[in-house]
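Once you've looked at the hints, go ahead and assemble the two chains, each given alone in its own frame, into the complex.
These protein sequence lines map, in sequence, to chains Z and W.
Under our numbering, the first residue of the first sequence carries the number -7, and numbering increases by one thereafter.
Under our numbering, the first residue of the second sequence carries the number 13, and numbering increases by one thereafter.
Just so you know, nobody snuck in bad clues.
With a Cα cut of at most 16 Å, we get these calculated EDC-like pairs of lysine to aspartate or glutamate: (1) W:K89 / W:E75; (2) W:K64 / Z:E91; (3) W:K64 / W:E75; (4) Z:K6 / Z:E77; (5) Z:K49 / Z:E60; (6) W:K117 / Z:E36; (7) W:K80 / W:D66; (8) W:K61 / Z:E91; (9) Z:K70 / Z:D55.
Please keep in mind that the hints were generated in silico from the structure rather than gathered at the bench.
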Amino acid sequence: GAGVSQSPRYKVAKRGQDVALRCDPISGHVSLFWYQQALGQGPEFLTYFQNEAQLDKSGLPSDRFFAERPEGSVSTLKIQRTQQEDSAVYLCASSLRAENIQYFGAGTRLSVL
Amino acid sequence: GNSVTQMEGPVTLSEEAFLTINCTYTATGYPSLFWYVQYPGEGLQLLLKATKADDKGSNKGFEATYRKETTSFHLEKGSVQVSDSAVYFCASSYTGANSKLTFGKGITLSVRP
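The shape of chain W in the complex, shown without the other chains (with noise of 0.2 Å):
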């Protein structure tokens, strides 16, 4: 079946230091990647996607490529701040009838002053 791998966490950096945060999936054909966030105390919410390979999703400062090769997502960002600190989770899913998503376990990124 489909799966979504993250990394372990949590991460806690300073603030502007450069993030990464690992995804690698599995899937049959090539479904559409996506990053979620959820900051405290609310909802889930889009921060990226992308539909195909090397596609290059961004928003807010941060970036993921889709790459087939190594069947990654990774999300990065060159200078975090302290808004940025949250539960990130990496997902796939399949356009059709029924794209339901497939979820990371999420990982807590905090960042210092």
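For reference, chain Z alone in the conformation it holds in the complex (with noise of 0.2 Å):
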């Protein structure tokens, strides 16, 4: 079946801007995951959904961001009141268990100007 699909792509939003970034994972997939992923560097750890328990959010870098999966199926990314320093790559992955395989979306990159 169809892979994790992530969108938009890309986004570009002007400094104070909210955004929305939306991952489907695959499907049957009982969890889910988000990682940013700054330019050079390896993916890091924001949040962490049982079906549509936050079980962990303990990566998420501050209280702009937030994450929801209210269905227990596709998850929301929203960043409030964007700053540059949020430019990144947002990665979704997505397992049949927590302990399976990651199955990673193919990013959504974000640039705030």
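Structure follows, in structure tokens:
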């Protein structure tokens, strides 16, 4: 079936704008992860869902970052009042269960001007 | 905390050359270890993994052995191809309710014909 789908692929925002990034995981995958990848760096963990429950949000860098997965499938990462330091690629990954292999989407590249 | 350290890049090799990319980890206990690859314009893909000491992961001619005594998981390939040109990430995680990945910075490999 289809892999993990993320939209939009590219997003340009003016500083102070709110943005919403969408992730469609592989159908039936219980676990969903968000990562942030700054230029020239490896991905860094942001938050983790098991079905609709957000079990770990320890990686969210500030209270401007908010994620949800209300029906246990599609997830949205929202960033309020974007800052230049938020510019990065945001990656979503899903897995059948928490201990299984994570499958990654192609990411959303966010540029804050 | 847990961390993964990769050798500095980029690496440029001629086709059919031998490849070694170093990776070491620090962790409490015994994490699972992974190599992910990112081809140009694509998302992260799992290349290989090992879940316990002395395990050898292998795929597409690449190999890596989980060395507990040296806390290492070096990636090797006997004869690289132009199509192996990509960014390679070493990562670790714990099996459990939240198996979030901790990544190294990544290294860019370019293979010349």
